[in-house]
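Trainee: Under this note's numbering, the residues of the sequence shown are numbered 87 to 307, in order.
Keep in mind the hints are simulated off the structure, nothing from the lab.
A few of these clues could be false.
Under the rule of at most 20 Å between Cα atoms (straight-line distance), these lysine to aspartate or glutamate pairs were calculated in the EDC-like manner [claimed, not checked]:
#1 LYS194 / ASP167
#2 LYS211 / ASP167
#3 LYS91 / ASP302
#4 LYS88 / GLU277
Estimated spans, in silico, between C-beta atoms of each pair [what the hints assert, rightly or not]:
#5 GLU260 / ARG170: 36 to 44 Å
#6 GLU189 / TYR233: 19 to 27 Å
#7 SER144 / LYS88: 27 to 35 Å
#8 ASP167 / GLY287: 36 to 44 Å
#9 ILE191 / ALA102: 15 to 23 Å
Glycine included, every Cβ here is placed at the ideal spot set by N, Cα and C.
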Amino acid sequence: MKNIKICDRTLCTAGAHFSFKEKIEISRQLERLNVTAVELPEIENAKTDTLLVRTVASFVKNSVLSVCGGKTRESIDLAADALRTAAKPRIRIELPLSTVGMEYICHKKAPKMGEFITELVGYAKEKCGDTEFCAMDATRADRAFLYEMIDTAIAAGAGIITVSDDAAEQMPDEFAAFIAEIAAHIGGKAEISVMCSDKNGLASAASVMAVKQGADSVKTA
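Build out the structure end to end from the sequences listed, making use of the hints.
Mentor: So, in structure tokens, the structure goes:
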């Protein structure tokens, strides 16, 4: 039987609504549930966000503690420093790969994204052996370009590739077929994680069908 990994993003998607104490308690409950990974957002406030990560790291021992590394070497340094005492640290590099997303969020065109991904993923790998690359709008990216950037991220050191349908662009069967193609392309060189938006109410169905087509883990919130 396949062991499906669950990576919880509650504190990334709804963290702003919780107090510091509530974030700690949510992390405790996730550790008790034995989720594969507890995911935290990018370090924005070096003092309070780092304190949160280190506090969570003091009791999260079975689950991976994953922090977004942002889009600069400096932000990766902050993530690595915050994770210094974590039992199972991970740094995520989350980037858009659609034309609009790359230009609006990263201020880069397609020819420059390969270098950008190599730099960020490679640096994250230096700072933390467990590194993940997340294609945040994979279903809206050009297919050939998406594959090229996935290959680039793996070559730079990413052991996990997350494929996200952040706008609920695809129906569950379409997303499952999409994941099957990506799994065939990757050929086992990295784990595949999926992150589905529930804007259409079908995130659970899409995730389950993706697992049947080769996904190794699912993001939840």
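Trainee: Please list, smallest to largest, the hint numbers that this structure does not respect.
Mentor: 1
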